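With chain E held as given, fit chains W, G, S, X, B, U and R onto it using these hints.
Residue numbers (the UniProt record's numbering), protein chains in the order written: chain E, 1 to 249; chain W, 1 to 249; chain G, 1 to 249; chain S, 1 to 249; chain X, 1 to 249; chain B, 1 to 249; chain U, 1 to 249; chain R, 1 to 249.
FYI, nobody ran anything at the bench for these hints, they're computed from the structure.
These numbers were taken from a predicted model, which means no experiment stands behind them.
Be careful, since some hints might not be right.
[Stated by the list, open to error] In the EDC-like style, the derived pairs of lysine to aspartate or glutamate whose C-alpha atoms are separated by at most 20 Å in a straight line are: (1) Lys8/U with Glu102/S; (2) Lys8/B with Asp167/R; (3) Lys8/W with Asp167/G; (4) Lys87/S with Glu103/B; (5) Lys87/E with Asp15/W; (6) Lys8/S with Asp15/U; (7) Lys8/E with Asp15/G; (8) Lys87/X with Asp15/G; (9) Lys8/G with Asp15/E; (10) Lys8/W with Glu11/X; (11) Lys8/E with Glu75/R; (12) Lys8/X with Asp15/W; (13) Lys8/R with Glu11/B; (14) Lys8/B with Glu22/R; (15) Lys8/X with Glu102/S; (16) Lys87/G with Glu11/R; (17) Lys87/G with Glu103/G; (18) Lys85/S with Glu73/S; (19) Lys8/S with Glu11/U.
8 protein chains.
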Amino acid sequence: MKKPDITKILEAVADGTLSVKEATKQLGQNQAQNIGFADVDLGRTQRTGYPETIFGSGKSANQIVGIINVLKEQEPCVLCTRIGKSKAAKIVKAIPAVHYFEEAKCLVVGQMPKPITRGSIAIVTAGTSDIPVAEEAAVTAEVFGNRVERVFDVGVAGIQRLFAKLDVIRQANVIILAAGMDGALASVVGGLVSQSVIALPTSIGYGSNFHGVSALLTMLNSCAEGVSVVNIDNGFGAAYCASVINRNN
Amino acid sequence: MKKPDITKILEAVADGTLSVKEATKQLGQNQAQNIGFADVDLGRTQRTGYPETIFGSGKSANQIVGIINVLKEQEPCVLCTRIGKSKAAKIVKAIPAVHYFEEAKCLVVGQMPKPITRGSIAIVTAGTSDIPVAEEAAVTAEVFGNRVERVFDVGVAGIQRLFAKLDVIRQANVIILAAGMDGALASVVGGLVSQSVIALPTSIGYGSNFHGVSALLTMLNSCAEGVSVVNIDNGFGAAYCASVINRNN
Amino acid sequence: MKKPDITKILEAVADGTLSVKEATKQLGQNQAQNIGFADVDLGRTQRTGYPETIFGSGKSANQIVGIINVLKEQEPCVLCTRIGKSKAAKIVKAIPAVHYFEEAKCLVVGQMPKPITRGSIAIVTAGTSDIPVAEEAAVTAEVFGNRVERVFDVGVAGIQRLFAKLDVIRQANVIILAAGMDGALASVVGGLVSQSVIALPTSIGYGSNFHGVSALLTMLNSCAEGVSVVNIDNGFGAAYCASVINRNN
Amino acid sequence: MKKPDITKILEAVADGTLSVKEATKQLGQNQAQNIGFADVDLGRTQRTGYPETIFGSGKSANQIVGIINVLKEQEPCVLCTRIGKSKAAKIVKAIPAVHYFEEAKCLVVGQMPKPITRGSIAIVTAGTSDIPVAEEAAVTAEVFGNRVERVFDVGVAGIQRLFAKLDVIRQANVIILAAGMDGALASVVGGLVSQSVIALPTSIGYGSNFHGVSALLTMLNSCAEGVSVVNIDNGFGAAYCASVINRNN
Amino acid sequence: MKKPDITKILEAVADGTLSVKEATKQLGQNQAQNIGFADVDLGRTQRTGYPETIFGSGKSANQIVGIINVLKEQEPCVLCTRIGKSKAAKIVKAIPAVHYFEEAKCLVVGQMPKPITRGSIAIVTAGTSDIPVAEEAAVTAEVFGNRVERVFDVGVAGIQRLFAKLDVIRQANVIILAAGMDGALASVVGGLVSQSVIALPTSIGYGSNFHGVSALLTMLNSCAEGVSVVNIDNGFGAAYCASVINRNN
Amino acid sequence: MKKPDITKILEAVADGTLSVKEATKQLGQNQAQNIGFADVDLGRTQRTGYPETIFGSGKSANQIVGIINVLKEQEPCVLCTRIGKSKAAKIVKAIPAVHYFEEAKCLVVGQMPKPITRGSIAIVTAGTSDIPVAEEAAVTAEVFGNRVERVFDVGVAGIQRLFAKLDVIRQANVIILAAGMDGALASVVGGLVSQSVIALPTSIGYGSNFHGVSALLTMLNSCAEGVSVVNIDNGFGAAYCASVINRNN
Amino acid sequence: MKKPDITKILEAVADGTLSVKEATKQLGQNQAQNIGFADVDLGRTQRTGYPETIFGSGKSANQIVGIINVLKEQEPCVLCTRIGKSKAAKIVKAIPAVHYFEEAKCLVVGQMPKPITRGSIAIVTAGTSDIPVAEEAAVTAEVFGNRVERVFDVGVAGIQRLFAKLDVIRQANVIILAAGMDGALASVVGGLVSQSVIALPTSIGYGSNFHGVSALLTMLNSCAEGVSVVNIDNGFGAAYCASVINRNN
Amino acid sequence: MKKPDITKILEAVADGTLSVKEATKQLGQNQAQNIGFADVDLGRTQRTGYPETIFGSGKSANQIVGIINVLKEQEPCVLCTRIGKSKAAKIVKAIPAVHYFEEAKCLVVGQMPKPITRGSIAIVTAGTSDIPVAEEAAVTAEVFGNRVERVFDVGVAGIQRLFAKLDVIRQANVIILAAGMDGALASVVGGLVSQSVIALPTSIGYGSNFHGVSALLTMLNSCAEGVSVVNIDNGFGAAYCASVINRNN
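Next up, chain E with everything else stripped away, as it sits in the complex (with noise of 0.2 Å):
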């Protein structure tokens, strides 16, 4: 993406080639494309490093084809998620070159990049359950270009599997925790690793689980230092935090 930024824009006023009026208008508009129902955000990579992502909840398929097709024009690589199964049908028949990744209700258009960090982001589960939300993390991740370590079902009611997979959990850059119900496998990896841990609380469970705030809760006031915490199932958010930190490393 190569769009003029503020300074340019200043310069341009300077030397008499661009109109005050005109210059006040570009300051804004000129990181985004209107298309009616959407205002598509193009500076998205310039300013945090990544491209605009689709969030399909709540939105039509036509939609998402018309945003899809302002950003692919930009981007080698576009990411929707949530996305259902008839849903994503509707879209792979109107734009070519789509995969659908089912379990993580993900859509990538174009062409999936190969890794380009050095360092893994390690994607953990306390169980089976928890395997869709951190399909989507997974994902994303590497969509943003990351190279991913999945260690699925590891909870600490069995602890011996987690001991058994630390060293894989260990090698990774960043690590990233999902679980429902007690939600206490961030406490226990995050006394036990020196690496950034991105605590992914999901809805799984029942009863007083609340939909996922009994682990959002157990994550929030995890004993053990270094836990940072995202939204309830929001496996996208956990995987861009944790991209963020891989990238810099």
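Relative to the frame of chain E, chains W, G, S, X, B, U and R by itself:
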């Protein structure tokens, strides 16, 4: 609407043209028409400046038709909100001169009024998914005679999109801000404008969004002043508040 | 206050009187003065129409004095809210021409302005215990140049008291309704007036009042339209919203 | 119902007609009939004045038929609440002399009793959408022999509708107030009448109504005295409380 | 108390002895006396059968004395609730013929009435710690002319204590059940009696009692019918409801 | 199950039959078998006395079949909970010797064990609607070798039903109390027995029951001692706790 | 304690030595002694195996002394919990042979019993700040005749501390786990032991710990089985449950 | 710190220099020192890269001194958080070479380390009242060897203050954002930077802020990606997470 008010009733008692018993009754009843399942409020325009609106949720198509038939005797334009597609189809068959706004889930009976206000109401959304709630607000505002300016998808994650639209927003008389998730749009815009801001939390989001509670709390706690808040997803209520302000300017 | 705005800065760049680097800096800094523990916002009046107000809670007397000293250079009248009695005493000693409103817990530096609005703001309370919150609203509104009408203790348990004051309430331009407990005053008054109503929940009550939550929820769910809501006990915020509406009428 | 009470059992022990072991058992068992999945309470009328009512939710049609068959041996009229349309159809086939009240979701087995109370119960709703809950209350009250007065759709947003019906309401012996959203009806009526008021919060509303919590809290915090509250949407419970009061007058 | 009601005012308008303007005013004002910080409701007895009670919490001793002085002109006995020990001392000095009930935190001005009801109100507590709340209820009930029967510390953990008192409880006309912690007393007693039961949750308990919420929820969800609920620790409200029922028997 | 424990691994290291590297790995891995989506815990029986149970919710039929195939190599009887009817049908086709308990939503692979405990577990419900949760507990307890006594529908609204069954309840070694709504059964039984009581809140109820929260809070706040609590609707967990107690008696 | 039970009363009726009226009374009263503000339960030991314990919170020193004087007539050792230092001092003056445990806030009247159980109860804490709650549990368990093993400060952030103590923990008969913050200790230990585990959440923590709610929810949602939970900070309750289990082994 | 790790212990077993029994014990104990009320974790640096920090809240001055004395044997610099002024005074007397940071409520034993990281951590606050929490973060980060950049009082209500500091913020390696009230700072900054952002909600605010919950929810629901969250007011935790990221860059 031209109904006698309290003073007129008392004057009629004073000059003997109305009995005491009848006056007692009229003090209550003259502003409503009872049709069994509903006691339609016909004094609303006199008291508050706008006629009664039909909240469609939880009422059958038949009940809604019955209430419309009472209201349209007095009002040139009757608004029904929260009308799903199939319920709307039934009402459209039974009542002539109805228009259904599908995205807004609103149904308007009679002639849509021309804008009568000098100033306009800006309806701003943080994302594409907030548009249905924003459209409920927009249709309501238009039924009440306001000029409406729509500014969609300018959430603070890509804040340059907001700045590009600040001029448009500042030209309005009142601003409605619809946002889910973090609801942060209210705090940012509130600090940049001198008009009234009505914050409209939406239930867009997931996990610890808790169906709009996170946006609601953000807006109630806005560090920018001049922001007042309506109920989650209550586009109608936001437009009503904005209309009252706009009318009196 | 007479600070150059964005356009003026750009014009200065255009005519060569301002370097690009300096302009970039000014675009941010010209509207604030940094005093270490605070970055006092001097552009508030220009942007929003009212100067920055000092929220006293959680700041030391010394910090407040420091901020006042910056603001009073520019503003004829500075308002501080949430100032307890003993903290007020310390500030009064350090700053000349201060007046302390004990019931409102407000402190005003400089000359209290004369009313400059045509219309007035009615501040109505359900009970006697809501008066301190209402007084914070009243002092704020007066500092912002509004005429204020106080109507206290007319809660709906003795609804004839409210009807006796309806004429007074209806003569105002904007209405603030302060109520704790059931907060029902907002719903009743909302259905009887045609002006803007700002509902101000107070934390008065006990048991399942939950420190104002019951009143807050009642007001957000008001069946009467035209009611928007501010934070619990936020008299300042209610008055701010009301002032913006009243100013523009 | 004519079952021996504790004293009679003890007398039988005293005069030797009942063994100690048998008495111990009877002290518990003589007031219930066990049918495996249910232990039907046959002593309810003796202890509380009204027979056991069948709460239909969560029970299969077969289970309900089984319990009806036990109860109708003793009671001329058996009430089942929370019976959906299709479940009702199955029961109606299996049991003779059943009447189904669709709006109230109530099913009555046997002869509906004639009103036996002198005074009446007024069942008042704030809106049209509260009617199903109110009808559960009305059918229950009628099954328990009360005269019932229905007053629907008189919410405080159009308060003149309420005043027009105050005379009717005041003629009742007990008043049930069904309201969702802000629940403010309870506070207003509570301050205007001298009878017992049973407040019945309904789950009507949206957003921060939280499925009836806002109305429930309003009613628990009513500034008008003499208001006691039952569970959300619990029309049956409200009618039960009202019946007890009405019976004893 | 002998104040003209609405009908009388209208009759006066009809026979010319009252002007229309004056009547409008009187319709509201004749039932209140405004003393600035309070608008004392003098029509309460006429409308609801009992005079206004002063809720002491959040009012200064001076304000309370001011309101007492208005009320005692009309009422032989004035009740103030929620009066702490030191505030009571100030009021006792200023007003003659006051009695202070320390455990109940109630203050009674004038002659305590003799019981005038035929039936009695039983006030039952689960534990010793619920007694202060129960005493607020007891004093209130006595001020309203009821005979009161106290039955303390019969919680269901030692259920034989309750059975030993069942006869006493059953002789009352209305039953108030005060309980904190699990609040289970309401469900058990509710299933054993045929009178009205007012459940009064108290904030006694710790941990997940959440200041009375656990008892409140238990009582709202009582599986025994005929139980209605008042606010947490609201002894006054429970007694008010019970008095209304007892008065009409 | 006969797996080497930590000590054995260390001894093997000590006598040179196991390399250090291999030991490190075995310390973790010898008690689990990884099948990709699951890391089946094979050391559960050794550590806790009971084998791993499959929590069916959120797992596909295929995944469950895969895990069963690992576990049944080691365990004569494998329990799966939370298996809906259609998922059960798929598993039954794939695995021989399976029995499905429809009401309990449990699926048992292999031979159901004969009772091996001396004492029994009493599973008591307040109502008929609590039976499915109770049956999950009953099947679990039976799989773990316990004798089970079912006592259903003895809630405290008809407390004589409970007393009639007290002898049966008291003969058990451990008591599970399943109740929704007010959950008061735990407090009453807790005060009448000397055995361990496991309170099992169910989500039965409506309105402010909040899907089992009211029963959960009641039980956590039980005024009767000796009551510990498991998660809402967690019949499996209650039976597990009871089995551990019963096994050791 | 040697009080006649229900059967004996009935036998006395049967052989004529007890009148029916007297028997009815005795069925209730023989197990309590009423001292006005308290109805002391003297049948607790007979019914539940342990005598009544005095919950000191919310009772005056005088009331506690009064109840002690009743209980110590029957019991060699009386336990009072939740007794602050200054209240303890008053009781110690009034009653001979009292010992006060300051950290546990417990007061024991009479001779502390020698351990009478074969097995022991392990009381384990996650941190140093959980010790006061753990000590309430320890003193309670000792008063009830248990041998107690204290294992403090072995939270999962330094999980090797826990493994170092696993042998000690596994030698106990029952395990109490006291933890605040994330409460993760329960899930980890629960998966490593075969005994009964009583989880005891403490209110230690800050922020979104919400006074123990985060630990409570973690423990209720423990992915390790065999964990049942008591109220927040309820050391007494945890010890009571553990004692019942330990007694019966 | 130079403690043998698991592999070294196993090697010692392998070459016969360590008995199996002793190894089992060492695997747990070699990384902790038990002083009765605390089991000080001495392996923290080895496992996680930073030594144990003493959380002062809920511990006595004596306990803290005891733990310091253990830790300072191994660590050149020991950090204690949440130490109030008077408690600090006692510790300062008992331990040489202590420095107390009053605003941060932190106490540092030994030599404060010089910055050892290349990059810096920016600690940004929305307001002046957030500074104490930010200072806890700053002192922690400095103890862990980071360079720290403080940017205070740049909340979004005066968003130009934030833009003026964007360059400074963007030069840091990691960004901590401390904000109470609406917490909107996280969403705005998150969309403008490419570094890791740790959101730190503070309990600053009033009314429906609910002691930091509104800010916490805003941050968890941030529409800007790359934001992870720590507990309310947990400055230490935020700095810990930031340090781990900064160390590895």
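So, going through the hints one by one against the coordinates:
| no. | hint | result |
| --- | --- | --- |
| 1 | Lys8/U with Glu102/S | violated, 54 Å |
| 2 | Lys8/B with Asp167/R | violated, 61 Å |
| 3 | Lys8/W with Asp167/G | holds, 16 Å |
| 4 | Lys87/S with Glu103/B | holds, 19 Å |
| 5 | Lys87/E with Asp15/W | violated, 72 Å |
| 6 | Lys8/S with Asp15/U | holds, 17 Å |
| 7 | Lys8/E with Asp15/G | holds, 17 Å |
| 8 | Lys87/X with Asp15/G | violated, 72 Å |
| 9 | Lys8/G with Asp15/E | holds, 17 Å |
| 10 | Lys8/W with Glu11/X | holds, 16 Å |
| 11 | Lys8/E with Glu75/R | violated, 51 Å |
| 12 | Lys8/X with Asp15/W | holds, 17 Å |
| 13 | Lys8/R with Glu11/B | holds, 16 Å |
| 14 | Lys8/B with Glu22/R | holds, 14 Å |
| 15 | Lys8/X with Glu102/S | violated, 45 Å |
| 16 | Lys87/G with Glu11/R | violated, 67 Å |
| 17 | Lys87/G with Glu103/G | holds, 14 Å |
| 18 | Lys85/S with Glu73/S | violated, 25 Å |
| 19 | Lys8/S with Glu11/U | holds, 16 Å |
Of the numbered hints listed earlier, those contradicted by the structure are 1, 2, 5, 8, 11, 15, 16, 18.
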